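**Student:** What follows is each chain in one-letter form.
There are 2 protein chains.
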Amino acid sequence: MPEFLTLLPPDEARALLLSHLSAPKADSELISTDLSLGRVTAEDILAPHPLPEFPRSTVDGYAVRARDTFGASDSLPAYLNLIGEVPMGDAPAFQIQQSQCALIHTGGMLPDGADAVVMLEQTQIARSNEIEIMRAIAEGENVIRVGEDVVAGTVILPRGRKMRPAEIGGLMALGITSVRVVTKIRVGLISSGDEIVNPSQRPRRGQVRDVNAYTLASLVTKSGGEAVMYGIVPDEKSALKETAARALRECDVAVITAGSSASTRDMTAEVIGSLGKPGVLVHGINTRPGKPTILGACDGKAVIGLPGNPVSALVNGYLFVAPVIEKLLGLPLDKPRPSVLARLTVNVSSQAGREDWIPVKLVNRKSEIGNWDAEPIFGKSNLIFTLAAADGLLRIAPDATGVSAGERVEVFLI
Amino acid sequence: MPEFLTLLPPDEARALLLSHLSAPKADSELISTDLSLGRVTAEDILAPHPLPEFPRSTVDGYAVRARDTFGASDSLPAYLNLIGEVPMGDAPAFQIQQSQCALIHTGGMLPDGADAVVMLEQTQIARSNEIEIMRAIAEGENVIRVGEDVVAGTVILPRGRKMRPAEIGGLMALGITSVRVVTKIRVGLISSGDEIVNPSQRPRRGQVRDVNAYTLASLVTKSGGEAVMYGIVPDEKSALKETAARALRECDVAVITAGSSASTRDMTAEVIGSLGKPGVLVHGINTRPGKPTILGACDGKAVIGLPGNPVSALVNGYLFVAPVIEKLLGLPLDKPRPSVLARLTVNVSSQAGREDWIPVKLVNRKSEIGNWDAEPIFGKSNLIFTLAAADGLLRIAPDATGVSAGERVEVFLI
Chain Y
1 MPEFLTLLPP DEARALLLSH LSAPKADSEL ISTDLSLGRV TAEDILAPHP
51 LPEFPRSTVD GYAVRARDTF GASDSLPAYL NLIGEVPMGD APAFQIQQSQ
101 CALIHTGGML PDGADAVVML EQTQIARSNE IEIMRAIAEG ENVIRVGEDV
151 VAGTVILPRG RKMRPAEIGG LMALGITSVR VVTKIRVGLI SSGDEIVNPS
201 QRPRRGQVRD VNAYTLASLV TKSGGEAVMY GIVPDEKSAL KETAARALRE
251 CDVAVITAGS SASTRDMTAE VIGSLGKPGV LVHGINTRPG KPTILGACDG
301 KAVIGLPGNP VSALVNGYLF VAPVIEKLLG LPLDKPRPSV LARLTVNVSS
351 QAGREDWIPV KLVNRKSEIG NWDAEPIFGK SNLIFTLAAA DGLLRIAPDA
401 TGVSAGERVE VFLI
Chain D
1 MPEFLTLLPP DEARALLLSH LSAPKADSEL ISTDLSLGRV TAEDILAPHP
51 LPEFPRSTVD GYAVRARDTF GASDSLPAYL NLIGEVPMGD APAFQIQQSQ
101 CALIHTGGML PDGADAVVML EQTQIARSNE IEIMRAIAEG ENVIRVGEDV
151 VAGTVILPRG RKMRPAEIGG LMALGITSVR VVTKIRVGLI SSGDEIVNPS
201 QRPRRGQVRD VNAYTLASLV TKSGGEAVMY GIVPDEKSAL KETAARALRE
251 CDVAVITAGS SASTRDMTAE VIGSLGKPGV LVHGINTRPG KPTILGACDG
301 KAVIGLPGNP VSALVNGYLF VAPVIEKLLG LPLDKPRPSV LARLTVNVSS
351 QAGREDWIPV KLVNRKSEIG NWDAEPIFGK SNLIFTLAAA DGLLRIAPDA
401 TGVSAGERVE VFLI
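Going down the list, the protein sequences come from chains Y and D. Residues in the first sequence are numbered consecutively from 1, following the numbering used here. Residues in the second sequence are numbered consecutively from 1, following the numbering used here.
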């Protein structure tokens with residue numbers, strides 16, 4: 001098997017693949033901000049005005065001129081004339097002059113002349129229209145300044161930002177009710193193999209249902225892509241080539257899952273080689289599962305050949321397909337991956353030089369948040385239910401020969 | 001402010017709220033398995049047949065009777081007659097008798113009579129139709145047994161399981177192309193406040209745009225719910241009561257975000273108290289941000305009153321709204337939360353007895369995966385862009401008075 005003579009480590013293989021992509025994708029679309037969850041900004045977004053646009057109180061209290069409270073204390077309060085109440089949702093019709101104050105509620109607009117708010121708890125009503133201030137406060141105290149959240153004209157969201165609840169809220173606060181996002185990355189999925197049938201079909205003896213197209217489609221959806229299904233093609237070079245070429249024309253990425261036999265792998269590599277330049281970049285990766293993974297770049301587009309074993313295909317989908325989608329979306333590549341810190345329950349050994357990804361189940365040790373046991377689920381890479389039973393994957397680095405029971409490990413959630 | 005005399009810790013407050021819910025929600029729907037990503041199973045799902053249904057080879061090699069390889073080695077190979085090749089996707093038309101073998105590819109069906117597969121690399125072609133086997137192998141070696149992935153009749157996915165790529169693939173492998181899931185949890189969102197206007201509107205001075213309805217709607221969507229928008233109601237008890245009652249009739253959960261002034265909070269509490277029994281469970285929580293949060297249960301449904309400050313509302317949405325949705329979906333409550341282990345860059349102090357949630361930005365320390373600095377973003381809880389700039393939240397436990405620079409902390413991704 002000459003293709004395995006020089007196995008690249010996964011990180012190097014991924015970096016090589018990503019370096020060949022024309023990214024980020026240029027196509028964008030304008031969508032409603034409230035429907036943009038999970039989408040990625042296609043351009044820098046600037047603040048059209050400051051936020052807040054007027055100074056606001058952060059407490060219930062009295063709007064004052066700070067200097068009028070100078071020296072005030074419990075034993076020697078300052079006495080201020082109450083001239084009114086700030087209405088919620090309106091600009092006050094008055095302004096604060098020397099020795100005056102006005103009742104103000106949390107979120108209310110500071111009247112002109114006032115520069116601070118004394119909390120209700122630090123005051124007393126002396127008599128009608130006169131307030132005792134029992135504490136000296138500084139200018140700006142209990143106030144949000146104009147532009148304290150956002151200064152007009154600044155970049156509030158850079159290009160390549162994934163929209164989460166906070167980003168959506170931030171745009172709404174500025175009245176930005178539509179947002180330009182990168183169009184979803186189209187990933188064409190091809191299943192190859194004479195033994196593979198559609199899941200709705202009853203397999204004959206010797207046949208199995210297609211699993212990989214569906215696990216990968218879900219992964220693509222989760223990663224911000226749109227899966228385009230090209231169905232099942234027989235183990236035949238011309239059929240595979242034709243379908244792969246069409247997928248590559250119509251999509252941004254093509255993924256072929258093929259059997260794990262040597263001849264199938266060779267055929268996938270040949271097909272990838274024929275689709276564009278430079279063709280196959282990596283044939284075989286120093287990882288388990290997933291050694292037979294093939295990475296290619298054809299005229300600026302990624303083509304990935306994954307092993308047919310469901311666990312290999314999905315794990316290597318996480319390692320290679322998801323990052324390709326993220327790069328094409330313009331997402332930063334050095335963002336943290338969701339993980340959980342856990343304590344490994346048993347020794348796990350690994351071959352030095354090879355990166356291992358082991359499905360693990362997280363078990364709450366003490367019925368307390370944050371105390372997790374990581375129990376490895378061992379099983380052949382054909383067994384999809386080993387992954388369905390797992391909460392995440394444990395990585396054993398290439399330079400390690402294993403991890404010992406009791407060690408704290410990071411488990412990447414899947 | 002009598003309501004703050006007995007502030008509950010957030011964990012206790014949440015447990016109290018969850019204990020009052022009729023959960024999980026009984027309504028379910030049958031949907032296509034390939035569209036079920038993120039949905040939650042409404043019933044146990046059983047395997048209709050074993051997986052695999054026939055013994056399969058995990059390697060390229062020769063199907064043999066293990067006992068025929070007994071004693072075989074490089075220097076003393078066993079010689080077996082090659083009687084054919086197993087076709088992919090079909091049952092072999094022959095069976096393996098004593099001293100016979102057949103060529104088989106990865107994933108191929110083991111012929112009757114064979115009980116193991118010798119890897120190609122451990123064989124040589126002696127002459128036409130005769131194969132040298134250079135290693136003794138055990139029964140079952142390089143074979144997946146019938147039912148090794150799944151035994152017929154076993155529960156493959158329990159009720160309350162969130163569908164991920166692996167679960168979807170597992171169902172497809174068994175031909176289960178539709179799945180019964182819990183209907184989405186309907187969460188009615190009401191914004192209250194005389195100063196609040198719709199984001200598409202240009203606010204007058206003193207007015208601000210509604211942010212909370214949109215951050216919470218996104219959070220609800222992310223958590224497996226469906227947000228139902230009830231718009232903005234004025235600070236007036238009858239109007240708020242009418243809208244909240246309608247939301248509670250039409251939805252599984254109602255969330256009211258109101259101003260943070262004492263009078264507004266009291267009004268929200270009164271309204272929740274009038275909607276059903278037992279009414280307000282918790283009025284004030286020992287956390288920052290979010291002290292004014294109100295939790296209620298009205299005739300088996302959760303009603304949550306959140307502070308109007310955008311950061312408070314969203315952080316407490318994560319603490320209380322998301323868990324309510326998860327419980328109603330039937331998800332296990334002790335599942336790990338996605339987090340990232342990081343090193344805190346500065347000292348952060350906190351008041352003993354109070355739980356703090358601090359927005360932090362994660363910065364890659366050494367351009368290497370897994371080395372993260374957590375930089376706190378300090379800001380008033382009115383500033384939504386402090387959350388938009390954050391990657392996650394750092395929890396400071398009630399019994400701590402702070403966390404020191406350099407400590408390793410878990411940052412919960414938002």
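Warning: the hint list may mix true and false statements.
No copy is singled out in the list; a pair is fine if it fits within one copy or between any two copies.
[Unchecked claim] Here are the simulated DSSO-like pairs of lysine-lysine, each with C-alpha atoms no more than 27 angstroms apart in a straight line:
| # | residue 1 | residue 2 |
| --- | --- | --- |
| 1 | K291 | K361 |
| 2 | K380 | K361 |
| 3 | K380 | K241 |
| 4 | K277 | K222 |
| 5 | K335 | K222 |
| 6 | K241 | K162 |
| 7 | K335 | K277 |
| 8 | K162 | K237 |
Just so you know, these hints were derived from the structure itself, not from any lab. Here the structure is a predicted model, which means the values were calculated and not measured.
**Student:** Taking the hints in turn, state whether each one holds.
**Tutor:** So, going through the hints one by one against the coordinates:
Proximity of K291 to K361 under the C-alpha cut-off of 27 angstroms is restricted to the intra-copy arrangement: shortest distance 24 angstroms within a copy versus 36 angstroms between copies. For the homomeric pair K380 and K361, the shortest alpha-carbon distance inside one copy (16 angstroms) is at most 27 angstroms, but the shortest distance between copies (39 angstroms) is not. Taking the shortest alpha-carbon separations for K380 and K241, neither the intra-copy value of 30 angstroms nor the inter-copy value of 58 angstroms comes in at or below 27 angstroms. In this homomeric assembly, K277 and K222 never come within 27 angstroms of each other (Cα to Cα): the closest approach is 29 angstroms inside a single copy and 40 angstroms across copies.
Taking the shortest Cα distances, K335 and K222 sit within 27 angstroms of each other both inside one copy (16 angstroms) and across copies (19 angstroms). Taking the shortest Cα distances, K241 and K162 never come within 27 angstroms of each other, neither inside one copy (35 angstroms) nor across copies (37 angstroms). In this assembly of identical chains, the alpha carbons of K335 and K277 never lie at most 27 angstroms apart, being 30 angstroms within a copy and 46 angstroms across copies at closest. Proximity of K162 and K237 under a CA criterion of 27 angstroms is satisfied in neither setting, with 39 angstroms inside one chain copy and 39 angstroms between copies.
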